[in-house]
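Number of protein chains: 2
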Amino acid sequence: MSKVTIIGAGAMGSALVVPLITNGHEVRLWGTELDNKIIRDLKNGKDHPKHKYPLPKAVKPFSEEELPAAMEDTDMVIMGITSDALGMIFERVVPYLKPGMIIGSVTKGFEYATDGRVVLLPDILKEKLPAELKDSISFVFIGGPCKAIEVVWESPTSVCYSSANLEAAKKLQATLMTPVYRVEANTDVIGTEICAAMKNAYAVGLGMAEGFKKRKGFLHNNTKSALFTFAVAEMGILSRALGGSLVSVYGLPGVGDLEVTGEAGRNRTLGEVIGEGLTASQAVAKMKAEGITVEGYPAIRFGYLMAKQLEQEQKLFLKELPLLAGLYAILYEDAPAYETVTILLQQCTGAYKQ
Amino acid sequence: MSKVTIIGAGAMGSALVVPLITNGHEVRLWGTELDNKIIRDLKNGKDHPKHKYPLPKAVKPFSEEELPAAMEDTDMVIMGITSDALGMIFERVVPYLKPGMIIGSVTKGFEYATDGRVVLLPDILKEKLPAELKDSISFVFIGGPCKAIEVVWESPTSVCYSSANLEAAKKLQATLMTPVYRVEANTDVIGTEICAAMKNAYAVGLGMAEGFKKRKGFLHNNTKSALFTFAVAEMGILSRALGGSLVSVYGLPGVGDLEVTGEAGRNRTLGEVIGEGLTASQAVAKMKAEGITVEGYPAIRFGYLMAKQLEQEQKLFLKELPLLAGLYAILYEDAPAYETVTILLQQCTGAYKQ
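Residue numbers (the UniProt record's numbering), protein chains in the order written: chain P, 1 to 354; chain W, 1 to 354.
Pulled out of the complex, with its shape left as it was, chain P reads as follows (with noise of 0.2 Å):
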């Protein structure tokens, strides 16, 4: 039995505690400022506000100010946090943390570094280690298709593991694998993180071609299928540009996790407003208003910007991802979403390359 603080009580980080209940852990879930009124839920025995659905008994609820009793003793730390709060949050982790921990984490999606750079997270959190323990901290990032309510409900769900030490990601793996939450391992932290950041970029497109049917009125399947090939292919060519590899994209975290994030959610639907008709300023104009953040929005631009990084440091064209160009013109300068998908897909090739 391990001691595992979960830091961040929103949907995901919470849904952790099933697999690490079921698998007899001591589980501590420490929320934010923002997750007051949740943490104020559970220490009444309500419903977990996010879920509308219970949480197992034993979880230990900690508050805001709670966090030195959340990390007493902990063995293991799971960071549950959104991707722009990440580094700030795991700033006032950092003084609990001993050496040969391992820290899990579920966020997902691009920052900038203190450089300027746009980076992927796993850099976030290794520059905000001090230096004595930059060796002896195992980061384990967890990716693949997991919408969190599911886990939550137990319905059989099957996600990936990467860490550049693999015994860290087996021994997270252990932690929390059940018969219906299964763990793979694998070593490739950037094919993981970069299609956890890029599925929601990538699930816009895919909505368009929902939102073409009522714009043309007939279906468009096909062209949906399409894009989801050259958007797998996309996700390879940016992992290999940044060192990673093909593993993750083509397993879990690439071709699983924008299946499920092609099915539903607010990134499709935002895609599916704009290729019903309205420009993407006026679709982001109308969310903003409902007060609905979709990730997919920030990883096109971020997306973006990490490719035309890549292309100056020579690792890339940018004409090698005519997607991820095209989302960026509808999505950030207005181009026409029918025209400009019917012209990419000319240009597109989900044409395999070792």
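Hints are supplied without guarantee of correctness; some may be wrong.
For identical chains, the list gives no copy identity; a pair is met inside one copy or between any two copies.
For lysine-lysine, the following DSS-like pairs were computed, each having C-alpha atoms within a straight-line distance of at most 30 Å [stated by the list, open to error]:
{"hint": "1", "residue 1": "K98", "residue 2": "K60"}
{"hint": "2", "residue 1": "K213", "residue 2": "K52"}
{"hint": "3", "residue 1": "K286", "residue 2": "K170"}
{"hint": "4", "residue 1": "K46", "residue 2": "K214"}
{"hint": "5", "residue 1": "K319", "residue 2": "K170"}
{"hint": "6", "residue 1": "K134", "residue 2": "K170"}
Everything labelled a hint here was simulated from the structure, so no lab data went into it.
Since the structure of chain P is provided, determine the placement of chain W on it from the hints.
Coordinates of chain W only, in the frame set by chain P:
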């Protein structure tokens, strides 16, 4: 301009009329005895009864007894025949073939060869060629996500033409490609054909995850995405065991075609009713009573038999294909769907092997 004869006036063969006419070719559409009504309707200027939508007026329809006229001086042939009749109909076409001709095929699936082995359809076509034509006729196999009706509507579509003779694939590509019907060419005939045949089988599994929602009262999107990922991985194992590569598996014929096949259609529906709680025997009997044929049902059996052949030849281990084995157990041995899928997911791996 070329003269192109399409053999079989079903939905897919007839759909290819559209890009061919767009490109200014002379197109002859020949119907078998099963297509009499279709050819009669087209000759009378009516909509194609399968598409319920008009075909370009320039197409020349030929009825069963007009095969000599349909084949006269033709440059290329495209076979659009159901898999069970492909060999028989191709025998009737053979006398009209000339050295150097290209034969395209949109037919997908498995058949028994004359020696009783389960084979992919390219072997059936090659078997029927007379010795003097074996080296001078090039076959091109068409795969990728392509609902026929969307080709007729001109929804942007991307497909893959595979041939042992890349020049032949490129020639057919140049003949058919339009701004809305994009064609990639490769030499991975086996990969393209195993995906074309097996995507129907695996789509039955994807449908089951949809059915689990009704059975359990909550979504199983995570389960569906995991099944999707593992289906792609198993198509890769089958392709390589047969001597194919991963080019098509991770491209339009594999990832792409599985996506469109899992979205909707009869294969998915069969899986869905089984996922909801019908036994496979009940579900198959119900669909037979309604006169519905589901390609995925025989494909699961053929695929399983082929995998057993390959195991005997020491080209793979059946235990590498837990999803296919599980689908066989559910569909042909009435194994309980939910329990079987939950257990097989613990054995599956999306791990990408070069």
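Cross-check of the supplied hints:
Taking the shortest alpha-carbon separations for K98 and K60, only the intra-copy value of 22 Å comes in at or below 30 Å, while the best inter-copy value is 78 Å. Taking the closest pair of Cα atoms, K213 and K52 come within 30 Å of each other only across two copies (18 Å); inside a single copy the shortest separation is 33 Å, beyond that limit. Taking the shortest Cα distances, K286 and K170 never come within 30 Å of each other, neither inside one copy (44 Å) nor across copies (46 Å). In this assembly of identical chains, the alpha carbons of K46 and K214 lie at most 30 Å apart only when taken from different copies (27 Å versus 42 Å within one copy).
For the identical chains of this complex, K319 and K170 are inter-copy neighbours only, at 23 Å across copies versus 38 Å inside a copy, given an alpha-carbon limit of 30 Å. Within a single copy, K134 and K170 get their C-alpha atoms as close as 20 Å, which meets the 30 Å cut-off; across copies the closest is 53 Å, which misses it.
When each numbered hint is compared with the structure, a violation occurs for hint 3 only.
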